[in-house]
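Novice: Chain residues, written in single-letter form:
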Amino acid sequence: MYASKKYWMIAWILVLPALLIRIFTTIYPIIETFHISLFEVKLLQGIRRFVGLDNYVQLFHDSKMITSIRFTAIFVVGSMIGHIVLGIILALILNMKFSGQKVLRTIVLLPWAMPMVVIAMASKWAFNNEYGLINDFIRRFAPSFNLDWLIYTNTARSAVIAVDLWKDLPFFAILVLAGLQFISSDMYEAAKIDGAGSIRSFFSITLPLISRNILMLSIFFTMWRITSFDVVYAMTSGGPGESTALIAYRVTTEAFTNLNTGYAASIAVVLFLVMAVLSGLSMSAAKRVDY
Amino acid sequence: MIPKNSRSVPLTLTIWGLAAIVAFLILFPLWWIFISSITPAGELFSKPVKYWPAHPTLDSYRYLIKNVGLLPKIGNTAIIVGLSILIGMVISVMAAFSFARFRTRGLSIAVGFLLASMLIPDVVTARPLYDFLRSVHLYDTYTGLIILYISGILPFTILILQNYLNDIPVSIEESASIDGCGFFQSMFYVTIPLLRPALATVCIVNFITCLNNFFTPLFYSNGISVLSTAITQLPLRDNMYAVPWDLVSAMGWIIILPIIIFVAIFQRQIMEGIMAGGVKG
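Chains as they are written, first to last, in the working numbering: chain A, 4 to 294; chain B, 15 to 295.
Hints are computed from structural coordinates only; laboratory data are not their basis.
Under the rule of at most 20 Å between Cα atoms (straight-line distance), these lysine to aspartate or glutamate pairs were calculated in the EDC-like manner:
id, chain 1, residue 1, chain 2, residue 2
1, B, K64, A, D139
2, A, K100, B, E286
3, B, K61, A, E133
4, A, K45, B, D145
The whole structure should be built from the sequences, with the hints applied where relevant.
Specialist: Shown next as C-alpha cells:
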C-alpha cells in the first residue's frame with residue numbers, strides 16, 4: 004500500500020528504535036567477543052596481549068572444557084530424548100477430551116511460567132538425601148534407600164536432566180499439542196472405517212503429520228539446552244567437581260568469576276558457531292521436510 | 015484422538031489416572047515448597063519429611079520483609095517489568111507496522127537481522143556487554159536494565175505482531191485514508207484497535223518472560239535487586255545446613271504464587287501466545 008517513495012522515511016523511523024536496541028545489545032557485543040577471543044585477557048593479573056588463536060587451541064586441550072563439552076552433549080541428548088518421547092505422550096493426554104482437560108492444561112502451563120532458578124534452588128533441597136522430597140518418596144517403597152544425588156557425577160547429572168525435563172517438557176507438550184490440533188478428525192474416522200486400531204492410526208496418521216512440528220521444536224529446544232545455564236548455576240554450581248558445568252555455565256564463570264575474559268570469549272565464539280550451524284541446518288531441514 | 019462416544023469405562027479411567035499422575039508430578043513439588051516455607055527452620059530437618067508442619071509459622075516471610083528487603087525488590091521488579099513491557103510494546107508495534115505495511119529497500123534486511131539476532135545467546139555477549147554498560151554508566155541503573163529487558167522481548171513480539179498485521183487487510187486503512195484520515199491517524203484509530211487481542215496476548219507472555227528474566231539482573235545489576243535473582247542472594251546461616259531452606263522456600267513461594275494466579279486467570283491467552291510463537295517459529 005505505502006509503496007510510494009515519500010513513505011520510506013516513516014518506515015525507517017518506525018523501525019529505528021527496535022534496530023538500535025538490538026544492535027546495541029547483540030551486534031556490538033558479539034563483534035567484541037570475536038575480537039577479544041584473540042587476546043589473552045586476565046583482568047586479575049592485568050594482562051592483555053594478542054595471542055591469535057591460542058585460546059582456541061587451549062580450549063580443546065583443557066580437560067575441564069572437555070568435561071563441559073561432554074556433559075553438555077549428554078545433557079542435550081538425554082533431555083531431548085525425554086522431551087520427544089514423554090512430550091508426545093503428554094501431548095496425546097492433553098489432546099484427549101475428558102472432563103478436567105482444561106484444568107490439566109492450566110496445570111501443565113505452570114512449570115513454563117516459573118523461573119528456572121526457583122525450581123533449581125528447590126531441587127537442590129528436594130534431592131537432599133536426608134530431608135529431601137525425592138528420597139522420602141522412594142523410601143516409602145524401599146525403606147532402606149540411601150543416596151546423596153548431588154555428590155556423585157552420574158546421579159548429579161541425572162538429577163539436572165530430570166529438573167530440566169520437569170520445567171520444560173510440559174511446554175514442549177503444549178507445542179506438540181498445537182500441531183496435533185491441526186490434524187482433522189476426518190482422517191481418524193476414515194482410518195477407523197478401514198479397520199485401523201488406535202495404535203495403528205497413531206503410527207500411520209498422527210506421527211507422520213506431526214513429524215515436521217516435532218523436528219522444528221526439537222531443533223529449538225536443542226538450541227535452548229545448549230545455552231542453558233541457570234539450572235546448574237542454582238542447583239549444582241557445576242559440581243560435583245566440574246561434572247555438571249555446562250558450556251554456557253563455564254563461559255560465565257570464566258568471564259565473571261575467573262576473569263579470563265579472552266578465554267571466555269573463545270568458548271563463547273565456539274558456542275555461537277554451534278548455534279549458527281544448528282540454525283542453518285534447521286532452515287534447510289524445514290525446507291526439505293515441508294509437504 | 016478417539017471419538018468420545020466409543021470410549022469404554024476402563025479407558026476413561028486410564029485417562030483420568032494419567033491426568034492425575036501428571037497433575038501430581040507438577041503440583042506436589044509446589045505444595046512441598048509451600049509447606050517448607052511455613053515450617054519453622056528447626057522442624058525442617060526432621061525425618062521422615064513432614065507434609066504438614068506441626069507448628070506452622072510465617073516467620074520466614076516476616077524475616078524476608080524485615081531483613082532481606084523484600085518490598086524494595088518487589089518495587090524494583092514492578093518498575094522494571096512495567097516500564098519494559100510498556101515501552102517494549104510501543105517500539106514493537108512501530109516496527110511490526112513498518113515491516114507489515116511498507117516495502118522500502120533494505121527493510122527486509124532489517125527483518126532478517128532482527129530474527130537472526132534471536133539466535134545469539136545471552137552468554138555469548140555477556141562479558142563485552144557488561145564492560146560496555148559500565149563504560150557508558152548504564153550498569154546497575156534502571157535505564158540500563160530496562161533497555162536490556164526490552165531487547166529480550168523485542169524479536170518475539172515483533173514477529174507475532176507482524177504475523178497478525180499481515181492478516182489485517184490493508185484495504186481497511188485505505189478506506190480510512192479516503193475518508194480523510196492521515197497516515198498516523200489511520201494507524202492509531204483504525205489499525206491498532208484491531209490489534210488489541212494480539213497485543214493482550216503478547217503482553218501476557220512478555221510479562222512472564224520479564225518477570226522470570228534471571229540473566230539480565232544477575233549480570234548487569236548489583237544494587238538494584240529484583241525478585242528473580244533474590245532467591246540466590248539470601249543470607250547464608252552459619253550452621254551445618256548453610257543454605258537457609260526456610261527462607262529459600264518462602265522466597266520461592268513469593269515468586270511463584272503470583273505466577274500461579276496469573277496463569278490460572280490468563281490460561282487461554284497464554285496458550286494462544288505460545289502457540290502463535292511456537293507453530294510459526
